Amino acid sequence: MLKLSSLIILYFLSRVAFAAECETFTGFKIKEKLCFDKSISGWISEKCITDKNCLAKKFFTIKKKVSLPDLVGGQNPATMYCHQLKLEILILKDSSDNEQSFCQFPDRSIVDANAVEGFLE
Amino acid sequence: MIRKFFVFSSIIFSTALYANCSPVNLVTEAKSPFAKIPVYDQDGLGTCYAYAASQQIDYYLIKNGGERSVHPLWAALKYADAKNKTNVTGGTSAEAVKAIIRAGNCDQDKVSKAITVWASKANVKEAEVVNLIEKLAPQMKSQLSQKKKKDPKAKGLTANEVEVAIRAAIKEHQPFCSAGATWDKLIPALKSLKVLDSTVLLSHLIMPECSSDLTKLRIPSPTILKSSTDIGWERILNSRLNKKTPISMSYCSKVLQAGVDHRGITKRGKVPNDNKYGQCGNHASLVVGKKEIGGSCHYLVRNTWGTGFSSATKKWNCLCKNRKTGKYLDNCTASKHNNGQYTVEGCWINGKALAANIYGGSVLESVSVEDLQREVMKKPWY
Numbered sequence: 010m011l012k013l014s015s016l017i018i019l020y021f022l023s024r025v026a027f028a029a030e031c032e033t034f035t036g037f038k039i040k041e042k043l044c045f046d047k048s049i050s051g052w053i054s055e056k057c058i059t060d061k062n063c064l065a066k067k068f069f070t071i072k073k074k075v076s077l078p079d080l081v082g083g084q085n086p087a088t089m090y091c092h093q094l095k096l097e098i099l100i101l102k103d104s105s106d107n108e109q110s111f112c113q114f115p116d117r118s119i120v121d122a123n124a125v126e127g128f129l130e
Numbered sequence: 002m003i004r005k006f007f008v009f010s011s012i013i014f015s016t017a018l019y020a021n022c023s024p025v026n027l028v029t030e031a032k033s034p035f036a037k038i039p040v041y042d043q044d045g046l047g048t049c050y051a052y053a054a055s056q057q058i059d060y061y062l063i064k065n066g067g068e069r070s071v072h073p074l075w076a077a078l079k080y081a082d083a084k085n086k087t088n089v090t091g092g093t094s095a096e097a098v099k100a101i102i103r104a105g106n107c108d109q110d111k112v113s114k115a116i117t118v119w120a121s122k123a124n125v126k127e128a129e130v131v132n133l134i135e136k137l138a139p140q141m142k143s144q145l146s147q148k149k150k151k152d153p154k155a156k157g158l159t160a161n162e163v164e165v166a167i168r169a170a171i172k173e174h175q176p177f178c179s180a181g182a183t184w185d186k187l188i189p190a191l192k193s194l195k196v197l198d199s200t201v202l203l204s205h206l207i208m209p210e211c212s213s214d215l216t217k218l219r220i221p222s223p224t225i226l227k228s229s230t231d232i233g234w235e236r237i238l239n240s241r242l243n244k245k246t247p248i249s250m251s252y253c254s255k256v257l258q259a260g261v262d263h264r265g266i267t268k269r270g271k272v273p274n275d276n277k278y279g280q281c282g283n284h285a286s287l288v289v290g291k292k293e294i295g296g297s298c299h300y301l302v303r304n305t306w307g308t309g310f311s312s313a314t315k316k317w318n319c320l321c322k323n324r325k326t327g328k329y330l331d332n333c334t335a336s337k338h339n340n341g342q343y344t345v346e347g348c349w350i351n352g353k354a355l356a357a358n359i360y361g362g363s364v365l366e367s368v369s370v371e372d373l374q375r376e377v378m379k380k381p382w383y
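Sequence lines, in order, name chains L and U. Per my numbering, the first sequence starts with residue 10, numbered consecutively. Per my numbering, the second sequence starts with residue 2, numbered consecutively.
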C-alpha cells in the first residue's frame with residue numbers, strides 16, 4: 010500500500026516537474042496555444058509536444074547550414090533565418106501584448122524564431 | 002613624480018566616471034511607462050528608428066499623464082515623408098520624432114485598424130502589407146524606366162502596366178507570404194493608386210483613417226546627442242539616465258552577439274554604412290538603465306527583437322519578467338532562465354563595449370525653468 014502511494018506521488022511530482030509552460034499567443038486571424046519545449050529552447054505548437062511528425066519539431070533533427078542575409082535597418086536576425094528557410098513568419102502577441110517572431114511550417118505548426126536561430130548557429 | 006600624478010589622476014578620473022554609474026532602471030521603477038509599452042518585434046522591417054521613436058514619445062506622453070499613442074509605422078511614414086524618401090527602411094529616430102511633431106499624430110489604433118483592413122482583404126499579416134508595398138514602388142519604377150527606354154516621351158504607366166508591376170511585386174514577395182494569401186483582392190485598389198513611391202502608397206493605405214483629426218503632440222523637440230569619444234558616450238548615457246530620460250541610440254548591433262571586444266565603428270564622426278551584418282549591423286534601440294556589474298558600468302538596452310532569449314541576449318545578463326506573476330527578475334541569463342517562464346525586457350550591455358559601438362543618439366527632455374535661467378545667464382544681457 011505504501012509502495013503504491015509513493016509511486017502515485019512520484020508520478021504526480023514528475024508530471025509537475027516536467028509540465029511544459031504553455032500560453033496562448035494571438036496574431037492577426039490566429040490564436041495558437043504554444044508550449045515551451047526545453048529540448049529546443051523555444052516555443053512550439055502544443056500538438057508538436059506529442060506529435061513527433063509535426064514539421065516544426067522534425068526541423069530540429071537535422072542540422073542545416075543557413076547563412077544570414079545582409080540586415081538593413083535593424084531587422085531581427087532570428088526572423089531573417091525564417092525568411093532564408095522560406096518559412097512563413099508570424100508575429101504573435103502574448104497575454105501582455107509583447108511581440109515575438111515565429112516561423113510557420115507547411116503543416117501550420119509554429120516554432121519560436123529564436124529556437125530556429127539557436128539551432129542553426 | 003609624474004607617474005604618481007598620472008596614477009592619481011587616473012584613479013580620480015575612473016572614480017568620477019563610475020560614481021556616475023549609480024543604479025537607474027526606468028523599466029522597474031514605480032509607475033514606469035514601460036509597463037504600458039510592449040516589447041516590440043520589428044520582424045523583417047528595417048524600421049528600428051521608428052520603433053525607437055514611437056517608444057520614446059510614448060514614454061514621454063505616459064510619464065506626463067497621457068496615453069500610449071504612436072504606431073511605429075506612422076513614425077516611419079512621417080519620417081519618409083519629411084525626408085522625401087521613397088521607402089521606409091532606415092532612418093534616425095530624432096528625425097522621425099521631429100516629423101511627427103510637425104505632421105501631428107494619427108492614433109496607433111487608427112493606423113492598426115487601417116492596415117488590418119488591407120491585411121484582412123489579402124488574408125495576410127499586417128507586416129506583410131507593408132513589405133509588399135515596399136517592393137511595389139521599385140517594381141513600378143522599373144516598369145516605367147523600361148518603358149522610357151523604348152519611348153523616351155512616355156510619361157506614366159497604363160493601368161495594365163501597373164497591374165504587371167503589382168503582380169511582379171507579389172511574385173517577389175511570395176516566398177515570404179502567408180499560405181492562403183489573396184493578394185488579387187488588393188489589385189483593383191492598388192491599381193487606382195498608380196504611384197511610384199512606397200511612402201505615398203503606404204500613406205494612401207492609411208489616409209482614409211488619418212486624413213483628419215491628427216493630434217498635435219505636446220512633446221519637446223528631440224535633443225541630439227553627439228560625442229567623438231567612447232568615454233564621451235558613457236558620460237552622456239550616465240547624465241541622461243540620472244535625469245530619468247531614456248536615450249534613443251544608433252549603434253552597431255553586432256556588439257550584442259559578438260560581445261565586449263567588438264568594435265563596429267572604425268572611424269568616429271561617420272555613420273557606419275556597411276549594411277553588412279558582419280561589420281556593424283546598423284540599429285537603433287533605447288537605453289533605459291545603468292548599473293555596475295563586476296566593477297564596470299553596464300547599460301540596459303531595450304531592443305525590438307521580441308521577448309525571447311536569442312543570439313543577441315546570450316552573452317549578457319538580462320532583465321526578465323515572470324509571465325505569470327509580472328515580477329521582475331534581474332540578472333537573468335539564457336543558460337538558466339530560457340524556460341518559458343520569463344520574457345526578456347532588456348539586457349545589460351557592457352558600457353565600454355556599447356560606447357565603442359554608438360554613433361548617434363537623442364533624448365526627449367523637458368527644459369526646466371532652472372535650465373532656461375542658466376541658458377539666459379550664459380548669453381550677453383545687452
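These are calculated hints, taken from the structure and not from any lab test. Keep in mind that this is a model prediction, so the values were computed, not measured. It is possible that some hints are incorrect.
[Claimed, not checked] Straight-line alpha carbon distances no greater than 27 Å define the calculated BS3-like cross-link-like pairs of lysine-lysine that follow:
hint : chain 1 : residue 1 : chain 2 : residue 2
1    : U       : Lys122    : U       : Lys136
2    : U       : Lys328    : L       : Lys95
3    : U       : Lys328    : L       : Lys102
4    : L       : Lys38     : U       : Lys186
Hint-by-hint comparison with the structure:
1. Only pairs whose Cα atoms come within 27 Å are accepted, and Lys122 of chain U paired with Lys136 of chain U is accepted, the gap being roughly 18 Å.
2. Taking the CA atoms of Lys328 of chain U and Lys95 of chain L, the gap is about 37 Å. The hint is violated against a cut of 27 Å.
3. The suggested pairing of Lys328 of chain U with Lys102 of chain L holds, with an alpha-carbon distance near 19 Å, which does not exceed 27 Å.
4. A hinted pair counts as satisfied when its Cα atoms are at most 27 Å apart, and Lys38 of chain L with Lys186 of chain U qualifies at roughly 17 Å.
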